[in-house]
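Protein chains in written order, with the numbering used here: chain A, 1 to 360; chain B, 1 to 275.
Among the hints, erroneous ones may be present.
[Said to hold, decoys possible] Below, simulated DSS-like cross-link-like pairs (lysine-lysine); rule was C-alpha separation at most 25 Å, straight line: (1) Lys212(B) <-> Lys297(A); (2) Lys212(B) <-> Lys140(A); (3) Lys212(B) <-> Lys311(A).
[Unchecked claim] Pair ranges (Cβ atoms, derived): (4) Arg339(A) <-> His237(B): 55 to 63 Å; (5) His237(B) <-> Phe360(A): 47 to 55 Å; (6) Asp41(B) <-> Ser182(A): 37 to 45 Å; (7) Pro129(A) <-> Asn216(B): 19 to 27 Å; (8) Tyr183(A) <-> Lys183(B): 49 to 57 Å; (9) Lys126(A) <-> Glu214(B): 24 to 32 Å; (10) Lys126(A) <-> Asp240(B): 57 to 65 Å; (11) Leu243(B) <-> Ser182(A): 15 to 23 Å; (12) Lys183(B) <-> Asp189(A): 22 to 30 Å; (13) Asp35(B) <-> Phe360(A): 46 to 54 Å; (14) Lys334(A) <-> Glu220(B): 49 to 57 Å; (15) Tyr183(A) <-> Thr88(B): 39 to 47 Å; (16) Phe360(A) <-> Val210(B): 27 to 35 Å; (17) Gly182(B) <-> Ser182(A): 29 to 37 Å.
[Said to hold, decoys possible] Part of the chain B face toward chain A, derived, beta carbon under 8 Å: (18) Met1; (19) Gly200; (20) Ala204; (21) Asn216; (22) Glu220; (23) Ala221; (24) Asn225; (25) Val233; (26) Ser238; (27) Ala239; (28) Asp240; (29) Thr246; (30) Val250; (31) Arg252; (32) Ser256.
Keep in mind that the hints were calculated from the coordinates and are not lab data.
Don't be surprised by glycine CBs; every beta carbon is placed ideally from N, CA and C.
Now for the letters of each chain:
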Amino acid sequence: MDEKELTNVNEYKCQNCGAPLEFDPESGQMRCAACGSTFSVSEVSMSARGVQEQQGFDWSGYKNETSHETMHTTVYTCQSCGATIEADGTTAATRCPYCDNVIVMNERVQGGVRPNAVIPFKYKPKDLPGLVKKFYQGKKLLPNNFFKDTYLSEVQGLYVPFWLFDCGVEGGVNLEGERVFSYREGDYDVTEVHHYMLERDGSMHFSHIPVDASTKMSNDLMDSVEPFDFSELVDFEEGYLSGFLADRFDSEPDAELPRASARLMKSAEETLKETCMGYTSVHIRNNGMQITDSSVKYVLLPVYLLNCNYKGEKYQYAVNGQTGKVVGKLPVDKGKSARWFWGACAVGTAVCYVLLNLFF
Amino acid sequence: MKKLFCTLLGAVMLLGCLSMSALAIEGGPAWYPDDVQAFVDFHTEESTPRLVDDADIFTDEEEAELTARLDALRANHPDSDFVVFTDTSTYGIERDVYAADFYVFNGYGVGDDFNGVILFISMEQNNRGWYFWGTGKCEKLFKKDANIDHLNNTISPYLVRGEYAQGVSASLDDLDVLFTKGKFPKGFRPLILIGAIVGGLIIAWIVTTVLKDEMNTVHEATQANLYLDKGSVHLRHSADFFLYRTVNRVKREKKSSSSTRSSSGRSGSGGGGSF
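Pulled out of the complex, with its shape left as it was, chain A reads as follows:
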């Protein structure tokens, strides 16, 4: 472990009473839990760092920082209680585990690694139980005692780093199309299939394809919390991080572009396929499309992570901090599953028996 004291960190304090300030998703402002005073995010951020030039995203220089920072764990001394906190190289905002003071590590969100934009949290931690309960409800195979026997080991409101890709796609695809005709000819049933080769060439543009930029986050979990409403992206201010955890990216755009490419190529193929009208079936034979005009933004998106324990097994759920969408894997009650299987089998067998007797 490389011991390095961070000096450029922000702990936002109320200008009226000096208590810690946190970002309030409900009002979209910084709020003092002690005296209730509210301040705009930009006001607090500007006063914390002084006048600082907003820097746009420049990913030409960050590579060096990435390779250096992510390899090392750093140590910070909490300025409120003096506790020693370790943070890995990608942590950009955290809480002191002793006094719960929020800490934003400016060095991790400035200069070449400053995010372009952020979607602030809209849901507060107190909204989580209601959202999660709605997620559980109606799940037929959930164990009956799941609520009673589950305990939350950890709840984190986390700004997850994402790359947003804007890409153009152009080029052509070759497809096979079939038209099937059925008719009677004398004593014969005739099936005639006409085979076609189809060519389609075109262009289209995709905006804001999100790919998470943190190797610590599970790709499919982050894919599942989509979609985000990117019309609510705001220019990044450090103040938004206050009260929440935040990570910095540790995976570069080059490494994540293939994931975005695969998704947009699939959609581009489907879009061109839809222009083939009047065919019984259409299949892609080869795809000669290419990505053009790609650009990337570095943004932070709000996600709550809930870690649960149920009967010795760990379950993780993610909640989209903007839309409230909950995703995760729930345990399946084997007894309920068996009862549903055999019940459906009995009903299905009865229905099939009646139908088969009717038609044969």
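Given chain A, put chain B in place with the hints provided.
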């Protein structure tokens, strides 16, 4: 003299041809009308025999028993007529038309629609077979393949073995059930049960798979449809080329039942077979 003889011969031949054209079949049975076109439908007497064994395949006792069965059948189902007819020749006519003609030209049938059914057995060499024909309200029952199949499956083994009376008796039992219940009970069929169980297992698998899928909402995204800019799609080139065609012909299964009209035009349905 010679001239007179030729004239007379020509006249006789002409008369013969004319009389032949008036007859539908040459040297046909006595019940066949001389002029089919001029035939008018009529109802025969109640006492007219319903069992006509021109092929003489039944013994006297068998005839008496079958006649009694036919009378009982007519009593059970008074709105229909039941006839059994055997012959050694169809005079070149198809069995189905010959059966229909016998029924119609002998005035069988109940009511304005001449409701009823005939079972015809042909003992003609190289044309042995049977035919069930129903007309009037009975036509509907004989249009269903399942009913014809059942009747054919019952009588066929008997006729093949030469047990003609037993075959007819079993068919009369079948007709009684058909006219009483409107269809033949299907009975227990193991294949149907196996098919239903397999269907039930498939349905159960689908249901539990759907319910289990609900429990896991974490999936990797495979497409980016939501992020496609509407209006940005430009199709620059589009071409469709016809390559070739493939044709697959499958012979249709022959239906068991078919529609048949008598020579006078009366419609009916039925089916039969050969032995």
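Evaluation of the provided hints:
1. Lys212(B) <-> Lys297(A): Violated. Lys212(B) to Lys297(A) sits at ~37 Å, over the 25 Å cutoff.
2. Lys212(B) <-> Lys140(A): The hint holds at about 9 Å.
3. Lys212(B) <-> Lys311(A): Holds, at about 19 Å.
4. Arg339(A) <-> His237(B): 55 to 63 Å: 57 Å, holds
5. His237(B) <-> Phe360(A): 47 to 55 Å: At 52 Å between Cβs, range holds.
6. Asp41(B) <-> Ser182(A): 37 to 45 Å: 43 Å, holds
7. Pro129(A) <-> Asn216(B): 19 to 27 Å: Because 22 Å falls inside the window, the suggested range holds.
8. Tyr183(A) <-> Lys183(B): 49 to 57 Å: At roughly 32 Å between Cβ atoms, Lys183(B) and Tyr183(A) fall outside 49 to 57 Å, so the hint is violated.
9. Lys126(A) <-> Glu214(B): 24 to 32 Å: Given range 24 to 32 Å: holds, Cβ gap about 27 Å.
10. Lys126(A) <-> Asp240(B): 57 to 65 Å: 59 Å, holds
11. Leu243(B) <-> Ser182(A): 15 to 23 Å: Cβ of Leu243(B) to Cβ of Ser182(A): about 20 Å, so the range 15 to 23 Å holds.
12. Lys183(B) <-> Asp189(A): 22 to 30 Å: 27 Å, holds
13. Asp35(B) <-> Phe360(A): 46 to 54 Å: Hint holds: Cβ distance 47 Å, inside 46 to 54 Å.
14. Lys334(A) <-> Glu220(B): 49 to 57 Å: 26 Å, violated
15. Tyr183(A) <-> Thr88(B): 39 to 47 Å: 44 Å, holds
16. Phe360(A) <-> Val210(B): 27 to 35 Å: 28 Å, holds
17. Gly182(B) <-> Ser182(A): 29 to 37 Å: The hinted range 29 to 37 Å holds for Gly182(B) and Ser182(A), with Cβ atoms some 34 Å apart.
18. Met1: Cβ of Met1(B) sits 60 Å from chain A, so the hint is violated.
19. Gly200: With Cβ-Cβ at 3 Å, under 8 Å, it holds.
20. Ala204: 4 Å, holds
21. Asn216: 5 Å, holds
22. Glu220: Since chain A brings a Cβ to about 4 Å from Glu220(B), closer than 8 Å, the hint holds.
23. Ala221: At about 4 Å, which falls below the 8 Å cut-off, the nearest Cβ of chain A leaves the hint on Ala221(B) intact, so it holds.
24. Asn225: 5 Å, holds
25. Val233: This interface hint holds because 4 Å falls under the 8 Å limit.
26. Ser238: 6 Å, holds
27. Ala239: 5 Å, holds
28. Asp240: 5 Å, holds
29. Thr246: 5 Å, holds
30. Val250: 5 Å, holds
31. Arg252: 5 Å, holds
32. Ser256: 14 Å, violated
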